Every structure is written in structure tokens, then in C-alpha cells.
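Going down the list, the sequences are from chains A and B. For any residue, its number in my numbering is found by taking its place in the first sequence, counting from 1, and adding 5. For any residue, its number in my numbering is found by taking its place in the second sequence, counting from 1, and adding 67.
It should be emphasised that the hints constitute simulated quantities derived from the structure, not laboratory data. All figures in this text were calculated on a predicted structure; none of them were measured in a lab. Heads up, the beta-carbon is just placed ideally off N, CA and C, and yes, glycines get one too. Hints are not guaranteed to be accurate.
So these bits of chain B aren't anywhere near chain A, every CB distance computed over 10 angstroms [said to hold, decoys possible]:
(1) Phe69
(2) Ser74
(3) Leu76
(4) Gly88
(5) Leu103
(6) Asp108
(7) Arg119
(8) Gln146
(9) Ser147
(10) Leu153
(11) Tyr192
(12) Ala195
Covered stretches of chain B, going by a simulated chain A footprint (3 or more residues, C-beta under 8 angstroms) [what the hints assert, rightly or not]:
(13) 121-133
(14) 155-163
(15) 167-178
Among chain A residues calculated to face chain B with C-beta under 10 angstroms, some are [unchecked claim]:
(16) Ser91
(17) Trp100
(18) Ala104
(19) Leu117
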Amino acid sequence: MTPELTVLALAGLLQAVQFVLMSVPANLELGVGKTLSPRDRERLGGALEDQLSAKTARLLRALNNHFEALILFTLAVVVVSLSGQSTALTAACAWIYLAARIAYIPAYYFGLSPWRSLIWMVGFSATILMIVASLL
Amino acid sequence: MFSDELSILLVYGLITGLLLGAKVTGMLVTVDMGYLLSSRDENRTLEGMLGRADRALNNSITALALIAPPILVIALRDQSSANSLLAAQVFLAARVIYIPAYVFGIQGLRTLVWTAGFFATLILYFLAL
Numbered sequence: 006m007t008p009e010l011t012v013l014a015l016a017g018l019l020q021a022v023q024f025v026l027m028s029v030p031a032n033l034e035l036g037v038g039k040t041l042s043p044r045d046r047e048r049l050g051g052a053l054e055d056q057l058s059a060k061t062a063r064l065l066r067a068l069n070n071h072f073e074a075l076i077l078f079t080l081a082v083v084v085v086s087l088s089g090q091s092t093a094l095t096a097a098c099a100w101i102y103l104a105a106r107i108a109y110i111p112a113y114y115f116g117l118s119p120w121r122s123l124i125w126m127v128g129f130s131a132t133i134l135m136i137v138a139s140l141l
Numbered sequence: 068m069f070s071d072e073l074s075i076l077l078v079y080g081l082i083t084g085l086l087l088g089a090k091v092t093g094m095l096v097t098v099d100m101g102y103l104l105s106s107r108d109e110n111r112t113l114e115g116m117l118g119r120a121d122r123a124l125n126n127s128i129t130a131l132a133l134i135a136p137p138i139l140v141i142a143l144r145d146q147s148s149a150n151s152l153l154a155a156q157v158f159l160a161a162r163v164i165y166i167p168a169y170v171f172g173i174q175g176l177r178t179l180v181w182t183a184g185f186f187a188t189l190i191l192y193f194l195a196l
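One chain only, chain A, in its complex shape:
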């Protein structure tokens, strides 16, 4: 098991943690009557995500953002590991990715600008660097 795969497993757990961080306040705010329903807009009077408080909506956007980042990161990790191209550089990139994605959550929640964007850029660059490294 390469260090990148370990980080990938941790990133998967982070996704689960982010889901809980979002879903607990979301259910408290909206009530299970709304969240367990089929969420039809006409019945709820608009999209469910628009009815969240500002901070919970930030947690939802942070969760969705990690979904996208994770798809690219998974691809990078699996290819690096499968092709036996794991190096100190790709392992470092993986850990940097995880650190950035963890820091991204409070940065979003507390509205830290421009840090959220910079942290996002760090995670994104680390992923792209891994992909480029395994292509070379």
C-alpha cells in the first residue's frame, strides 16, 4: 500500500466527516419533514439548499467542492500506485492535498478570504502535479 493510497483512504473518511458536519445542522435547521421528503421544489417553496443558514450552506458547498476534488485526486492516486510510480514527490503532494482539503473547511465556514481560494489552489495544484508526474 503506497502512502498515496493511505491518504486516499483518509480523504474518503474526510468526505464522510464533511457529510456529517453538513447534514447534522441541515437537519436541525430544516427539520426531517423536509429533508426526508422527496424535496420537490413546489412543495418546499424553492430548492432545499437555498433554505439553509449561510454557514450550513457554506459547509454544503465545501462538501460538494470536495466531491469534485476527490474525483481528480482518486484518479491521480490510483494511477501513481498502479503504475508503481510512487515517489517522495507524489507522496508529499498527496499529504499536501489532504492538509489543504482539511484547512478548506474552516476557511469556507468562517469566510476567510482570500485564504479559502488559496487553500483550494494548493490542493488543486498538488493533484495536477501528481497527474503530470505520472505522465512523465
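Take the given structure of chain A and dock chain B to it, following the hints.
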């Protein structure tokens, strides 16, 4: 274990990453920096070519999530064949055309190449199974 399909997957991942970079760059130019760096509490929809790039990106990410499993399974089981390589190549070509077809609003072509990419994905699942 490194198959040519994996290289194609990597190239496609890179293209998706570049499209994401292009979208962010486009937002830097058209949307004000303050909003971009803010927590985006107010939902703004992107318009025109940037909106199309955004939708093309979302579609590309969905396609990436779907194509990755069969390519990885084929590589893991050493099932790579001329057919699976061809399907992966068709997928990549289709998805590369898809982006400008969407951004420049070429009707018909966009749907055509999307369908080609989708069927290539299904064929890869079939081959992997």
C-alpha cells in the same frame, strides 16, 4: 500493469483540470474578485460562454467519475485489449471535442460527441465485466 487506457485516463483528468483552471481564470476576468474570494453566500449564475464552460466542466467531471472504474478494473486485471484501447481513445476524442462544442454552442455536435463518449464508457464496462 500500466495500460495505455490508464494514460488516456490521466490525459483526460488533466484536460478536466485545465478546463477547471480555465473556468476559474474566466471568472477572474468577468466576476469581480471580491465575490470570487468571498464565501459566495449569494448564488450567482455564470452567463454566456463562461456558463457553458461551467456546464461543460460539470459534465466532464461526471464523465470522469463514470469512466474511471472500468479503466482501473481493466488495468488491475490485465484485461487490456485492442477493443478496450479503442473505446478509451474514442472516449478521449469525443470528450475533447465536447468542450469547444459546448463553449461555442455548436448544436448537434455537442450531443453527438457526448453520446459517443457515453457509449464508449458503456463498452468499457462491458469489456471490464
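Please write out, lowest number first, the hints stated earlier that are contradicted by the structure. Going through the list in order, the structure violates hints 1, 2, 3, 4, 5, 6, 14, 15, 16, 17 and 18 and respects the others.
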